[in-house]
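Respectively, the protein sequence lines represent chains Y and A. Each residue of the first sequence is one higher than the one before, starting from 37 at the first, in our numbering. Each residue of the second sequence is one higher than the one before, starting from 37 at the first, in our numbering.
Hints were generated in silico from the structure; no laboratory data involved. Just so you know, not all the hints are guaranteed correct.
One copy or two, it doesn't matter: identical chains are merged, so the pair holds either way.
Unchecked claim - Under the rule of at most 25 Å between Cα atoms (straight-line distance), these lysine to any residue pairs were calculated in the SDA-like manner:
#: 1; residue 1: 198; residue 2: 335
#: 2; residue 1: 198; residue 2: 317
#: 3; residue 1: 235; residue 2: 79
#: 4; residue 1: 215; residue 2: 228
#: 5; residue 1: 40; residue 2: 90
#: 6; residue 1: 163; residue 2: 313
#: 7; residue 1: 235; residue 2: 355
#: 8; residue 1: 372; residue 2: 330
#: 9; residue 1: 198; residue 2: 106
What you are looking at is a predicted structure, and each value in this text was computed from that prediction instead of being measured.
There are 2 protein chains.
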Amino acid sequence: MKKKIRAIQYGVGPIGASIARLMREKQAIEICGAIDTDPAKVGRDLGEVVGANDAPWGVKISADASDVLEQAADVVIHSTSSSLSKVMDQLLACLKAESCVVSTCEELSYPYRTHPDLAARLDAEAKDWGVALVGTGVNPGFAMDKLVVTLAAVSQRIEHAKALRIVDASKRRLPLQKKIGAGMSVDEFRGQVAAGVIKHVGLPESVAMVADSLNLPVEQITETIEPVVARERVQTEFLTVEAGQAAGVHQIARGLGAGKELVYLELQMYVGAKDPADTIELQGHPNISLVIPGGSHGDIATASVVVNSIPVILDAPAGLRTARDLPIGFFSPNAKP
Amino acid sequence: MKKKIRAIQYGVGPIGASIARLMREKQAIEICGAIDTDPAKVGRDLGEVVGANDAPWGVKISADASDVLEQAADVVIHSTSSSLSKVMDQLLACLKAESCVVSTCEELSYPYRTHPDLAARLDAEAKDWGVALVGTGVNPGFAMDKLVVTLAAVSQRIEHAKALRIVDASKRRLPLQKKIGAGMSVDEFRGQVAAGVIKHVGLPESVAMVADSLNLPVEQITETIEPVVARERVQTEFLTVEAGQAAGVHQIARGLGAGKELVYLELQMYVGAKDPADTIELQGHPNISLVIPGGSHGDIATASVVVNSIPVILDAPAGLRTARDLPIGFFSPNAKP
């Protein structure tokens, strides 16, 4: 019998917690450490903090990353921030500990255009230490990029790629509903957009992944963020949005080149969305479309993609990888170590 | 500038011809040889035989496989038969020539359960010669297996997997319409099924790929082939099906284990199909489904998947690979060599 995969959870926010719970279901994984700086969590049992039925797990959350990373786990699941520049030191410390990394950092998903220097540095360090890292999740990482690239396998020529993701935020956690501005006035919403607070991070990275994978000559990537304005009152478990208030975000990223639009990604994430779905349309030979009715569920799917990426990142060549390179599948709870 | 990918087309039937035409569109590929034993094709120019607008291509079709393979091309595109045992010698000769292979042989797509000895031999020989081979196409290779495994990336637990592929054969080539029994009496159809003539090959391989990828404990794979009986007259470009005659095949493969059905693949391929589509349904946490309205087009998509697999098989570790392992994407016509 082979040894279990030893994993460290780096960041125990809502997403990190759902990832930890999912890892706990996999027979082949042993969670051997957890890192978080929140004083309300430090020193407590990871299982208790993530609300697991089978807590305690015997894994204490520590604020001392280097101490935890010293164990040289097989993989670190990293979930602390969307900003690549903010997490560079954290990622470099994981690599130096000779651990592979699966991160939810959206800007890491395909950083070659938006952060080429950081991408090059991570790739070089990962190769030096003989480990691989990837930034992934449901979006970026799956619904608006990997799935587009996968569908392209049945195409002979592609002229334009479009993905539309409509998410009903009503059933999502409160931080997400707040993050998308649900319940703000339209002015307040625009102010928060200007301040960089309201934003789904990762669309330009997805545009770049799609453009490069489909060899579409995208020279410029644009992005707009507008409010979805509620037409009627919407009540969620956590908050109320009055008609005329912002219900969430409507974000569009475009890849432009050769004098035209080549990639179009549209994200609508708001409370009360009527027809949530993931839709992909490829124009070319042949035209082809794909629909996931209801859409891949944001929180469940992010944890899924991250944990399902563990076997493939362990198997990948050393260096910076992206969802594009990895033959992602399913990591069964019953898979043998 | 790097050298072009040197490719040999092995088998110039209808599928081989469409693959050759598609390869010709790729700047990064140079077709350096072609093999077929049909006396009507031997000695003729490949471009002319496949009906290319820009023929002649300066590539003669030869019946002498060893002579053509001697060039040690980077990759051989192999498209001669659905039967793995029939093509073993052809595949072994390609490997011995130190060429990677992408084959449309359906039984090669996932041969570990149906032909374990042949699979082991091919894997060992490929590793000895330092090359990789894969059997792929749209089905098996994509619509009912690879896409199922890819969708599973957003799943946390999976209890059952289903794929339904409905193909309208009306617009397909005559050999396909005949192969599925369109226009036969129901008795004649059943006779041809019993004789092994009417059959879409590859469903058990897809069941096995899905079962293994999702770690579903499938112990037994069953398969049934029934006619779709025309309710009204159907006229295609090539033939007429009267009401009461067979319009095509209705094939169901099941993966059974742990006392229940775990994988269900249903293929309806007949002239006059009303709602062609590829549909996938995963039961588990969460339940999730995916639809390709209209379905991925059989002939176009098979050539697409095969040619789009060329860069990934060249990049893959030596040995027998399957669509499951390969991060397939799009091979752009404009991709630089």
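- prompt: When no copy is specified for residue 215 and residue 228, does a C-alpha distance of 25 Å or less occur within a copy, between copies, both, or neither?
  reply: Intra 10 Å, inter 62 Å, cutoff 25 Å: intra-copy only.
query: Between copies, within a copy, both or neither: which fits residue 198 and residue 335 at Cα up to 25 Å?
result: This pair counts as both: shortest intra-copy Cα distance 23 Å, inter-copy 24 Å.
message: At most 25 Å between CA atoms: does that hold for residue 372 and residue 330 within a copy, between copies, both, or neither?
response: neither (32 Å within a copy, 39 Å between copies)
field: residue 198 and residue 106: within-copy, between-copy, both or neither at 25 Å Cα
entry: neither (44 Å within a copy, 44 Å between copies)
- request: Classify it for me, residue 198 with residue 317: is the Cα-Cα distance of at most 25 Å met within a copy, between copies, both or neither?
  value: both (5 Å within a copy, 23 Å between copies)
- prompt: Taking 25 Å as the upper bound on the Cα-Cα distance, should residue 163 and residue 313 be classified as within, between, both, or neither?
  reply: neither (38 Å within a copy, 44 Å between copies)
- prompt: For residue 235 vs residue 355, is the C-alpha pair at or below 25 Å within one copy, between two copies, both, or neither?
  reply: neither (29 Å within a copy, 45 Å between copies)
message: At most 25 Å between alpha carbons: which applies to residue 235 and residue 79, within, between, both or neither?
response: For residue 235 and residue 79, neither the intra-copy (32 Å) nor the inter-copy (63 Å) Cα distance is at most 25 Å.
- request: Could you place residue 40 and residue 90 in one of the four classes (within, between, both, neither) given a Cα distance threshold of 25 Å?
  value: Intra 19 Å, inter 57 Å, cutoff 25 Å: intra-copy only.
Figure legend: structure checked against the earlier numbered hints; hints not met, in rising order: 3, 6, 7, 8 and 9.
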